[in-house]
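Trainee: Residue-level listing of the chains:
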Amino acid sequence: MDIVQKVAILSNAAKYDVSCSSSGSKRDSYPNGIGSGALSGICHTWSADGRCVSLLKILMTNYCIYDCKYCHNRKSNDIRRAFLTPKEIADLTIEFYKRNYIEGLFLSSGIIKSPDYTMELFLKTAEILRYKYRYGGYLHMKIIPGASKILVEKIVKLADRVSANLELPSEKSLSIYAPDKSRKEIIKSLDTVLKYNLSNEQNNSTSTQLIIGATEETDREIISQSEVFYKRSLLKRVYYSAYIHVNSDLPALNTEPPLLREHRLYQADFLLRFYKFTSDEIFSKRNNLDELLDPKLRWALDNYHLFPVDINKADYSMLIRVPGIGPKSAKKIIAARKFGYLGIEHLKKMGVQLKKSEYFMILNGKKIRNSVGDLVEREIMKFTKANSPIFKILGAD
Amino acid sequence: MYQVFYDGTFNGLLTLYDYFDKGLEIETVVNRAIEKNFQPYIFQFEVETDRDIADSVTKKILLIGGEEVLKKIYLASLADSDKNEIIILDYIKLLFTDIELVSNLSIETVIEIEKCIKRVFFERHKMLGFIRFSELYDGTMVSFISPKYNVLSLLGGHFKRRFPDIRWAIFDKKRGMVGYYFRYSFEVSYYESIDELEYSANENKVRDVWKVFFDSIAIKERLSYERQVSKVPLRVREDMLEFGG
Ligand code: SF4
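Residue numbers (numbering that gives the first Met the number 0), protein chains in the order written: chain A, 0 to 396; chain B, 0 to 244.
There's no promise every hint is true.
What the simulated footprint calls covered on chain B by chain A, stretch by stretch (three residues with Cβ under 8 angstroms from a Cβ of chain A suffice, anywhere in the stretch; the number is not a length) [said to hold, decoys possible]:
| hint | stretch |
| --- | --- |
| 1 | 122–131 |
| 2 | 160–167 |
| 3 | 205–212 |
Because the hints were derived from the structure by calculation, they are not lab data. All values derive from a computational prediction rather than experimental measurement. All C-beta atoms, glycine included, are put in the ideal place defined by N, C-alpha and C.
Next comes chain A alone, as it looks inside the complex (with noise of 0.2 angstroms):
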C-alpha cells in the first residue's frame, strides 16, 4: 500500500481522538537539529470541522487486538487496515515539520500482538525523531494501559506529554463496553509517569480522554472524577468529547453528538482547574450541568444567597466567583484598589466585563442592580439564538 493511502486510512482513524492542542512546550532545539517547541500554541490550519490543526494526529495502526465497543477499528469491524513503520512516521513528520505544515506528531495506536509490542514500536519511533533527525518538536504519545513500566518510562522521557485514555467515566462503563481494558491498568501508567516526572523532576504533561453520552453518568460524576485526577497530580488535562455513533451495536443515548454537553463539561472542567471551585460547588443544587446557562451564572444564581459582594472589599476567591469576572479582571481591581475607592468608571477603564458582572455586584454601598431577571432573560434568549435552527437559517441577530 503507498503512503498516501495508509495516511488517509490512519489519520481517518485518528481523528476522533480530541486533544488539539498543541499546548506550547519549551523544548530547546538541539544543536545542529531541527524544531523547537512554541510557548503560544500555534494553529496551522483549521480542518473543515472547524478545529485547529497543528499536529500530525494518526494512528501508528488501525489493527487492533481488541473490541471496545464505541471504537471504529475494534477487531470485529470489517474495515481496510494498515500499518505505518517507526521510520515512516519520523520522515513523514519530519517533511512535514520542515514545512511549517505541523507543530509536531500525536501518536495513538490500535493494538497489535500486545500493548508491549505496541509500545515498543511508539518507543522507536521516538527513538529516530530525536536521536537519528534531532528533533526538539513537539512530541504526544498515547501510552497503551498494560504496557511495562520501563517502556512507559522511556516514552515519557522522550515525549512532550503522554495520554493514556480512560475512555468511559467510570468502571462499570468500561467493564461492559470495553472489556479487553482495565481502568486500574489506565491509573497505573499515568501512576507511573508521574512518579518519574517527580523523580526526574520532569514535567511531561498528561491528558486523558473521556467519551460523553454513549453511557449513563451524570455530568457530576464525570467532574468530580476529573477533579479526583487534578488533585492527584495524575492529570493535566480532561478532555470530553461527545460521543459519535461509529458502530451501530452500541446503544446511544444520544443520536446526535451531545456537543453542548460537551461545551458544557469543558467550561465546569474550566472553574475547577483555573477558579479553583470544587465540584461540590458546581453541584450544590443540582446533578447535571445547566443546558441554558453556563456553569458559572447557574452556580451564581444556585447560590444568590452569597451575592451581590462589595468590589472594594471581597477577596480574590469571592471576586472570581462574580459572573464576568475572570482571575485577570480579579488580579486587576485587587492592584487598583491599593490606590483608592473603585468606582464604575474604574471597572470600565479596566476592562472588567460588567454585563453579567453589575448584577452581582455592591459599588459605593450601593447594589446596581436589584434582580437578576433581566440577565436571565437575556441569556436566555442568547442561547436560543445561538442553538436554534430557526434562527440560524435566518441569520438573525
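Keeping the supplied structure of chain A fixed, place chain B with the ligand upon it in accordance with the hints.
Mentor: Just chain B with the ligand, lined up with the frame of chain A:
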C-alpha cells in the same frame, strides 16, 4: 494640501517626517509599495527616501525616546495597509514636543499606535502558522506569503530557532520583499522577479500526503465551514496548498 507618495520603507517614512516637520501640509499619504490604485489628487509630492535625513530623525528619536520608543514606531509602521502614516508622524511630533506625551494613554494618537502594534503582532502570530514551505532541489525551503501587514522582518527569529540548519527564504509577494536565512543570519531585502523554481523529487509526494491528511481529519458529524472561514480567512488561502493554493 498635498497627496504625498513614498516608497513604503521605514526610512522613507522618516524622510517624510522631515518634510512634515518643516511644514508640508499633507492631505493623504500613498505607500507605493502596496497601493497601486489611488485617486489622483491635483497637488502631488514625491518623497525621495534619503538615508541621511532618515538617520538623523532616527538619532533624534533614540536620543529623546530611547530604543523602546523607536521600536514602537517601527512596529507600528509595519501596519502598512491601515494607512497609519499620519498617526505615526503625529506620534513622532508628540515625542519631540515632550517625551511624557507618548506614554499618555488618553491621547488618541498614542492609543492608535498601541493598537497598530497589537494588530501587527496578531498578523505575525497567524503567519507563523499559515506559512508553508516547499523544498527545492538543493534543499532550500521557500515560502510565498501575502500578509496583510509588513511582518516579514518579525518572522525571522521564530524560524531561525526552528530551522537553524536549513537554508530557507520567505517571499512577501505583496511587497516584493524576501527574507533569506543562511548560516545563522536572516536578512530582508527586495526582489524584482523570481526564476522558475525547481522542486525536490520528494516535494509533490509530501504535498499529496498532506492534502490527504487534511481532508481526512475533519469529523463529518461536526462540519462547520463558517467556523473554518472565520479562522482561515479567504485572503490567506491562496498561499496554502490544502485550500488549493
Ligand atoms: S483498544 Fe479499543 S479503543 Fe483502542 S483501537 Fe483497540 S478497539 Fe479501539
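Trainee: Could you run down the list of hints and mark each one as holding or not?
Mentor: Hint check:
{"no.": "1", "hint": "122–131", "result": "holds (count 6)"}
{"no.": "2", "hint": "160–167", "result": "holds (count 6)"}
{"no.": "3", "hint": "205–212", "result": "holds (count 6)"}
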